[in-house]
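*Asks:* One-letter residues, chain by chain:
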Amino acid sequence: MSNTDFALAVEDLTVSFDGFKAIDALTLYIDRNELRVIIGPNGAGKTTLLDLICGKTRATGGSIKFKNEEMTPLAEHQRVRRGIGRKFQTPSIYENLSVFQNLEVSYPKGRSVFGALAFQCDAEVKERIQTVAAEISLSDKLDMEAGLLSHGQKQWLEIGMLLMQEPELLMLDEPIAGMSARERELTAELLQRICKNRAVIVIEHDMEFVKRIAQKVTVMHQGKILAEGPMDKVQADPNVIDVYLGH
Amino acid sequence: MNTLKVWIHRYQLASMLLLLVLLAVVLPLTLDIFRLNLVGKYLTYAFVAIGLVMVWGYGGVLSLGQGVFFGLGGYAMAMFLKLEASDPVTTAIQSTPGIPDFMDWNQLTALPSLWVPFKSLPFSLAAVIAVPTLLAFIVSFAMFKRRVGGVYFAIITQAVALILTVLIIGQQGYTGGVNGMTDLKTMLGWDTRTDSAKYILYYLCVGLLMLSMLLCRWVQTSKLGTLLLAMRDKEDRVRFSGYDVADFKIFTFCLAAGLSGIGGALFSLQVGFMSPSFVGIVPSIEMVIFAAVGGRMSLVGAVYGTLLVNAGKTFFSESFPDMWLFLMAGLFIGVTMAFPMGLAGVWEEHVKPWWAARKQSGRAGSPAVFAKGEKA
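Quick note, the sequences are listed as chains A and B, same order.
Sequential numbering from 1 applies to the first sequence in the numbering used here.
Sequential numbering from 1 applies to the second sequence in the numbering used here.
Among these hints, one or two may not hold up.
[As the list claims (entries may be wrong)] In silico lysine-lysine, DSS-like type, Cα no more than 25 Å apart, as pairs: (1) A:Lys56 - B:Lys145; (2) B:Lys234 - A:Lys126; (3) B:Lys313 - B:Lys41; (4) A:Lys196 - A:Lys109; (5) A:Lys109 - B:Lys234; (6) A:Lys109 - B:Lys145; (7) B:Lys234 - A:Lys56; (8) A:Lys141 - B:Lys234; (9) B:Lys41 - B:Lys185; (10) B:Lys5 - A:Lys126; (11) A:Lys56 - A:Lys224; (12) A:Lys65 - A:Lys216; (13) A:Lys141 - A:Lys109; (14) A:Lys216 - A:Lys196; (15) A:Lys67 - A:Lys216; (16) B:Lys145 - B:Lys234; (17) A:Lys21 - A:Lys224; (18) B:Lys198 - B:Lys41; (19) A:Lys109 - A:Lys67; (20) B:Lys185 - B:Lys119; (21) A:Lys196 - A:Lys126.
Calculated directly from the structure, the hints in this document are not laboratory data.
Extracted from the complex, chain A is given alone in its bound form (with noise of 0.2 Å):
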């Protein structure tokens, strides 16, 4: 496989489950700085390549270089500190631990067991931890129970849990799933906030959402890539109004 510029680059990625192929020979690149929406109807395996690329799944075939170095034989916690980070379907915080705890966690020092025994949240943990939660409008509730958020706020600080490791490629998996409108507009917002300096790679279902903050959009339809492009050409493309848009 060859080197390229791109952020990442997924070439020929296969997996199959029981021989059903879930991903079937996908090609993929994103750009550094690129903001990428992925579409598609249930079961396409939009959910399954954020798994492929994170680790969650191990590849059947194929490559997935992140920054030119393959993946594919890194464990989940290698990739991570590579850069690669994950936001669940489901918001995944920590529902005990304060808001703060749960930030404080995801800071990217200590990351070894003697590390973390050793780690001491200095200043500059405090200051990276109220810049973070800043950004996604919960600096007011540090030190509330996570459990206790509303469901948007939840999804809120899942993504500033992977913003505290300043990830260079961002996977959120329908990261407003749940959220009134008010919130959907405000993570618009910070959606493409945070997407300056780092490939962001979205799943999402929501048409209105995806039409505000698309750059490029990716159509899969069973495990293929079937359209690719900006917004409103692959809206008007046959293929994709048949197996998607059209229903």
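Since the structure of chain A is provided, determine the placement of chain B on it from the hints.
*Replies:* Okay, now just chain B, sitting in the frame of chain A:
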């Protein structure tokens, strides 16, 4: 002054101090040496219980084989003491003088090479911690790196407990078999059976237990402790935040094993023998009960739980020898159903709020509920 307060709160020093006063002052003044020695024996189980607070309460990994590590620590100490008790003069009537009596009964004619290093006290003391920790490392590395957890891990630890028991009983020429190692009398010539020695060993036990609790509390309040809680809640989120989750579980499991080993060694010293009946499945589960009754999230609670359950066990088994197993099972079921966080949970959730409300009403002349209502 303020930093001191923060420290006291952070390391739960107030409740630890209270426990220290109880163990180091109140009990020695009120109990005779026989009973105090019994308390000392219970406290050796408390090392296992606080280890379980770390592994089970914080780490969310239930181990039903902690007796293994208690036993290994105990055997390491007992081997040293047994060798000292088997000098050629005392064992002159044996066909091979100078080796432990059970070896002689099993037709061994020389000291097995495994036993030779245990002639050294420093080696034996190191082995008390190192052997349990090493076994814990091997077991937990193999399991956690493969992401075995939950019930499966609990079953594996049971299997380890069973295997070790069978091994000890089967190899009686090397281990003393089902009787264990008995007649441990002296350590470097110091008679451990006298009353003064019992007092010294009791205080040693209390001191080491306190140090172990401080160590555990320090781990709990470090980022590692927060990570353990986070892992218990959302393991995947921790993994996808760049942590190798298995490493943290392995560390905690090894920590608990090392502490259990210290407990086992103190048991051998205070009680004067060690046997497979402290290694197997039943004692391992009993130790989980101690932690559950005391509260698996509280170090101090686990120590109280250990003392209470054992005091109850002694009382019941003296008064109702046939019934105590049922009573203890009833206690376990009752506590876990009614108070899932154990005695410490009762304290935190019922006694403390009640006390705060009482104080409030005493001061303001009206119940706390009203004070809140006025604000709103």
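*Asks:* Hint numbers the structure violates, sorted upward?
*Replies:* No numbers; nothing is violated.
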